Amino acid sequence: MSTTQLPETSRRRVVTDKIMRGSLVAAFVVALIPLVLVIYYLIYKGLGTWSKNFFTTDPNGSFFGYPGGIRSALLGSIEMVLLASLISIPLGIGSALYLVEYGKQSWFANFVRYLTDVQTGVPSIVFGLFVYIVLVVAKVGGDGFAAWKGSIALALLMLPIVARSAEVVLLLVPGDLREAALALGAPRWRVVKSVVLPTARSGLVTGSLLAVARGMGETAPLLFTTAGALALTFSLSAQMNAMPLQIYTDILSPRAEIVDRAWGTALVLVTLILILNLIARAASRRSKA
Amino acid sequence: MAASATTVAGDRSTLESSAAGRLPDKFLKWGLFAIAGLTLVLLVYFFVVLFGQSTDAFSTFGLKFIFVNNWDVPKNIYEALALVVGTLITSVIALVMGVPIAVATALFITELCPQRLRTPFGGLVDLLAAVPSVVYGLWGVFVLIPHLLPAEKWFASTFSFIPWIGGGTPTGPNIFIAGLILAIMILPIVSAISREVLATVPPSNKEAALALGATRWEMIRMAVLPYARPGITGAAMLGLGRALGETIAVVLVVGNAPNIPNHLFAQGYTLAAVIANEFGEAANTPIHSSALFACGLVLFVVTLIVNYFARRVVAKATGKPRRRLARRSDNAEPATPAVESA
Amino acid sequence: MTTPEGPNTQTPPATTSVQQVEQRLAVPSAATSPAASPQGGHAVNVKELNAYYGSQHSIKNVTIEFPANQVTALIGPSGSGKSTVVRCINRMHEEIPGARAEGCVMLDELDIYAPNVDVTAVRRLIGMVFQKPNPFPTMSIFDNVAAGLRLTGTKSDDLKELVHRSLQSVGLWDEVKDRLNEPGIGLSGGQQQRLCIARTVAIEPEVILMDEPASALDPISTLKIEELVDELKERYTIVIVTHNMQQAARVASSTVFMLDGEVVEHDETNKIFTNPSDERTERYVTGKFG
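Chains as they are written, first to last, in this note's numbering: chain R, 1 to 289; chain P, 290 to 631; chain X, 632 to 921.
Honestly, the hints are just simulated from the structure, not real lab data.
Values in this document were obtained by computation on a predicted structure and should not be read as measured data.
Where a beta carbon is used, it is the ideal one built from N, C-alpha and C, also for glycine.
Check before you lean on any hint, since a few could be wrong.
[What the hints assert, rightly or not] Derived CB-CB ranges, DEER-like:
(1) X:GLU893 / R:LEU278: 47 to 53 Å
(2) P:TRP319 / R:ASN110: 17 to 23 Å
(3) P:VAL333 / R:VAL137: 16 to 22 Å
(4) P:PRO515 / R:PHE111: 32 to 38 Å
(5) R:TYR40 / X:ASP749: 40 to 46 Å
(6) X:LYS691 / R:ALA180: 42 to 48 Å
(7) X:GLN687 / P:ARG407: 17 to 23 Å
(8) R:GLY185 / X:GLU913: 53 to 59 Å
(9) X:GLU725 / R:ARG286: 32 to 38 Å
[To be verified] Straight-line alpha carbon distances no greater than 30 Å define the calculated DSSO-like cross-link-like pairs of lysine-lysine that follow:
(10) R:LYS193 / P:LYS605
(11) P:LYS605 / X:LYS763
(12) R:LYS104 / P:LYS315
(13) X:LYS786 / R:LYS18
(14) P:LYS605 / R:LYS45
(15) R:LYS104 / P:LYS605
(16) X:LYS902 / X:LYS855
(17) P:LYS318 / R:LYS104
Please model the complete structure; the sequences and the hints are all you need to start from.
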């Protein structure tokens, strides 16, 4: 029996390995730095502006004195996104249901899938332009800008997001489950209503919440459709304010208090979005349990 | 099968469903069909509308719209080369800075990170996508621009011997900052898709590399990266698509000067930014609005093409079979809700 | 447990229909006894090895001697721990998250589980061939074989010669010499596995571990692999895990039967299959379970 000596792994290889692995860790940290910094500044500059007035008064657009709070923007955002969700979520889930239950692999279904995927890549400002021409310039439903038109633009943006995630979730409902229900003699619509949708429910909720979070943060689609009035209104056919619009306008203001208000609004917006994201993730984790 | 004593032998009428009974099913099917078809209709309509609004500009300026640099609002001349170049440069900067970091974080999460930390860490990176564009713009204007200015000045003077990258005088908003913010914004999607791609690398090849006496990094270099390269390319293309179309964050930090930037820290303009910036004042000038619509059309078509190819490349690389129903016998993978909501 | 005495000098039980194999095993065996091999062989001794997957104790106090330049087979039902033992020998077991191993594995006089032992160096000396052939899909045939050599910075002029030698030693050279630049995965299953073996021997290990190397292959390829194993034992110590008892009988001079993470019996292959000492061994080899 002869003896063994371990061949030495060259120093260069060991060092390279350490350096490269270190860089991967470093890259991860670097990637998170902007997230930390953004949240830090939001809190640092934004928290101070939060006050009772901040949430209960509207921006008043005056050049002197107290510039007002963001009530109209907050409520406007909620209202417009709500309407956009009421449009895009059923349509998105409906589209996904068609693809999964009926269309399956037909050329039409694959084509629609493809287009939906592609639609998620359309720049959001294009949706705004589209609605501008089709609804605003054409003065559909009364003159010019209106909140519901902004909602339509948002819905166009949210629709493919809902549809894609819904399809993924619906596909996860096992085929055997559907077949068992059909074998019991249930008509297809019953199977969908009583078997497929309930099984997929938390996944559908997750996907929808993420789309809503996305919709809340969008500015570009609202620029030429709602155009952001300052006054509080609940009427969907009037111009309505929204938080992203308010921030956008406030950033360019020469008044420091208004810029501060922008930070405060941004903090509210990001907090809402983070809450939606957390709920969405909790819902998705529950569906895996 | 009714076994009642009163059934006539051979009567199968109970098996026929009534026309009314079939109605909900038909209704459901065709209703859903219409909804699905809506997407197709919408996209075609987009194109038609945008095209219709742009014809004025294209007929006035022709191909000079894209190839000549003369965006002169007072004189109503709209030749958008500076915008096209600005869009490309900011996107390239975003890719150069964002993709390597995104891929590195994906590698970190899939290869180096302990199993139970993978989901939380992935979730953290994905959170970057939750910050809205306007908030990145706000942060860019008041935090990035002032804080980076001294560093930019130092960089420009230290590296002044490199053409274009050094030697200029940095002003506040510039294309570098725009590119940097775009890099941050595309990071989550490139990282998320890269993670999906990296998960498809066959573990057996990784084992084979280790069994030959490779270090961990050598294993990644030998067995993981070559396999994942096409998919990661697709991820980068998706990032590009996102960067090309990003509007609000860019319009706040790019400077909005319709010039071809002559150095890294010069001001610039992009196709998306010009629309957001000038739409208000263009409302009363038909040729101006038409030019803006033409910018939108170019943007629409280009992002459509980039995303089309990007999705194809990614689908091929992750070997995603045509989407099909799960069976309970499959090991059901948990559905990742659409993070890549770009 | 009796220790194996030496190479199998009797024809194994004629359980195969291929007479060539019988002949081959009968004739050259005298010429390949360890005493006649040119360089000293390297023996592996597993001593009191315990392996865990998280809290699951899957290998229990296993001790096995693998003599130099011989083929030892590990047989047993699924879950008996035979693959785990083998993966502990080249320290691949610990690559699985949550897995660990304790005990001692001696390569000649070196305990590879000693602290401060460089795992990548161990794996250069103890190579592994896997159940499903796994050539690197993005690499050519040449690059596959050269993969391990490139890690240690072998110069490219030497590479050509070493790759050639390696492919010849697995009997693949003539089949692929004109297409070295084609992708490794373009070969048939049996060729791919020989390619993987070539990749392993290119770096000249001392021991080769094979985890069911032929189970994914057709019978003809299986036979070729077994012939190869028989040739390779002249230069390497070989441990082969197999589900196929006939295969163990054909290639291995001694066989270890494992059950539930423990060694039940370790003896000359012939004895294990014709007259095992333990009743459990007897039930397994006669097909009563597993």
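These are the hints, each one checked on the structure:
1. Range check, GLU893 of chain X to LEU278 of chain R: about 49 Å between beta-carbon atoms, so the 47 to 53 Å window is met.
2. Our hint of 17 to 23 Å for TRP319 of chain P and ASN110 of chain R holds, since their Cβ atoms are close to 19 Å apart.
3. Remark: the range hint 16 to 22 Å for VAL333 of chain P to VAL137 of chain R is upheld by a beta-carbon distance near 19 Å.
4. With their beta carbons about 34 Å apart, PRO515 of chain P and PHE111 of chain R fall inside the hinted range of 32 to 38 Å.
5. TYR40 of chain R and ASP749 of chain X have their C-beta atoms about 43 Å apart, which keeps the hinted 40 to 46 Å range intact.
6. At roughly 44 Å, the beta carbons of LYS691 of chain X and ALA180 of chain R sit within the given window of 42 to 48 Å.
7. Checked against the hint of 17 to 23 Å, the pair GLN687 of chain X and ARG407 of chain P passes, with Cβ atoms roughly 22 Å apart.
8. A hinted range of 53 to 59 Å holds for the C-beta pair GLY185 of chain R and GLU913 of chain X, which are about 56 Å apart.
9. One distance hint, 32 to 38 Å for the beta-carbon pair GLU725 of chain X and ARG286 of chain R, holds here, with the actual separation near 35 Å.
10. Pair hint LYS193 of chain R plus LYS605 of chain P does not hold up; C-alpha atoms about 34 Å apart against a cutoff of 30 Å.
11. For a cut-off of 30 Å, the pair hint linking LYS605 of chain P to LYS763 of chain X stands: about 24 Å separates their Cα positions.
12. In summary, the hint linking LYS104 of chain R to LYS315 of chain P is supported, as the alpha carbons are separated by about 17 Å, within the 30 Å threshold.
13. A distance of roughly 24 Å separates the Cα atoms of LYS786 of chain X and LYS18 of chain R; the hinted pair therefore holds under the 30 Å criterion.
14. Only pairs whose Cα atoms come within 30 Å are accepted, and LYS605 of chain P paired with LYS45 of chain R is rejected, the gap being roughly 46 Å.
15. For the proposed pair LYS104 of chain R and LYS605 of chain P, the alpha carbon gap of about 20 Å is at most 30 Å, so the pair holds.
16. For the hint linking LYS902 of chain X to LYS855 of chain X, the alpha-carbon distance of about 25 Å falls within 30 Å, and the restraint holds.
17. Using a Cα cut-off of 30 Å, the hinted pair LYS318 of chain P and LYS104 of chain R holds, with the two alpha carbons roughly 12 Å apart.
When each numbered hint is compared with the structure, violations occur for hints 10, 14.
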